[in-house]
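Visitor: Letter by letter, the chains look like this.
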Amino acid sequence: MAESVLEHHEMQIQNEDDIVLVRRKARDIAQACGFDIFAVSAVTTAASELARNVWVHAGQGIAFVERLADGARSGVRVVFKDEGPGIPDVERVLSGGYSTAKSMGLGLSGSRRLVDEFSIESTVGQGTTVTFVKWTPY
Amino acid sequence: MDDHRKYMRVLKLDEAELASRRAFFEITDEDLGRLAALRPFAEKYTDAIVEQFYELLLGHPETKKFFPDAATVKRVKRSQRDYFLGLFAGKCDLAYVEDRLRVGKAHEHIGLSTKWYHGAYRKYLQLISHYLFQELNDVGKAREAVDSIQKLVSFDTALATDTYLAAKLDAIERHQAAIRELSTPVIRVHHRILLMPLVGAIDSRRANQVMDSVLLKVVEAQAKCIIIDIAGVPVVDTKVADSLVKTTAAVHLLGAETILTGITAQVARTIVQLGVDISTMHTLSRLAEGIELALSLVGKSIQSTKRTRKPSKRTVKRG
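If you read the sequences in order, they're chains E and H. Note that the UniProt record's numbering has the first sequence beginning at 1, numbered continuously upward. Note that the UniProt record's numbering has the second sequence beginning at 1, numbered continuously upward.
Since the hints were derived computationally from the structure, they do not count as laboratory data. Be a bit skeptical, because a hint or two may be false.
[Claimed, not checked] Computed footprint of chain E on chain H; a stretch qualifies when at least three of its residues, placed anywhere within it, have a C-beta under 8 Å from a C-beta of chain E:
hint, region
1, 42-50
2, 109-122
3, 268-281
[As the list claims (entries may be wrong)] Ranges of calculated distance between the beta carbons of each label pair, as one might list FRET restraints:
hint, chain 1, residue 1, chain 2, residue 2, range
4, H, 252, E, 99, 18 to 28 Å
5, E, 36, H, 306, 37 to 47 Å
6, E, 95, H, 179, 15 to 25 Å
Just so you know, even glycine gets a beta-carbon here, dropped at the ideal spot from N, CA and C.
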């Protein structure tokens, strides 16, 4: 894929207010890409969800929010990196309804449905990296 | 209450903290002794230094604003003399620190920002070292004296900056409390019908506050129905949805119903994609529909008045 990164923002997630800052940046970039309101909402919600996961499970982490271009398409990529406890069973978490934090357990599985590309790399005791991308339609 | 005393507590300025700060700034008893010995020098040059110091402050348009008239200038010059001589008192104890915080707080209060504070101290150091080198024939001794002054002045500016920050954080904390109080109003729409319009981001603190205030008001008003309008909530993620579902369940335990209104098309779609089940709630897109539903739940309805009707006929009647 010959995608290029047009904008790159590195944001700290250290407290609950940072979740708002990350999702606002993701929303701003989604709007800059020309997404429709449904796609903007999807990107914003996924960013909110995953930023909160970092805060709840790892206490802190970093988000990279990027604006991408790939030929005629524009896209948003958000990467969440933390050094938290990690996810022992990624498949189970992605199937939904499983939570360690007394929440709905739909954060990861739900976010995956909101975006086009979604990946999780997690090592127990070392941390987790979650990446998502959403593209404008061709 | 004296604000500077409060900041003494906020900044945890006790004997231990003072000792730790002094150690880090390397302010020794030798430094303080050296400054005390320079007291006659300080007294000799106070007027010259204070005058030149105010030439800087009054010569700059932004700092000049703080000295509107001659009386103010006279007053601050006098306190500046006391302050200057205080540097040569040979003391750096809690009383000294308290005095610095009082000065810092006073400057914060009049809106003098830290850049002027730091700039003013720069001028102090320049003037003091100029006169020290002029007065003391021994360059080595002058250098030592400047070094001691420098330590104490840095110590002072650190205290002033800390006071500024503490005062700002204090203000932010107060504003947040005010916003939180404003952000969850519960309005009585009709007998036994309440409305809570939510505006802005829902963090975990606010979600709890929404739940608490909804439950208390439902009991207090013996409400049959509470409408929660989320038209002003920018993002409905699983955390927000979760708190709404839990609030609905708790309201249900109190024998009342929750109606969720203000759901935009994009929020509806996002909730479904997330896989969140909010089927336990009555949901409607418009607040007006929510009010109609609420009225029907308490056995009332809105009817249009026709001209043929008697004027005494009530618009809202029992069903």
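Visitor: Would you pick out the hints that fail for this structure and give their numbers low to high?
Guide: 1, 2, 6
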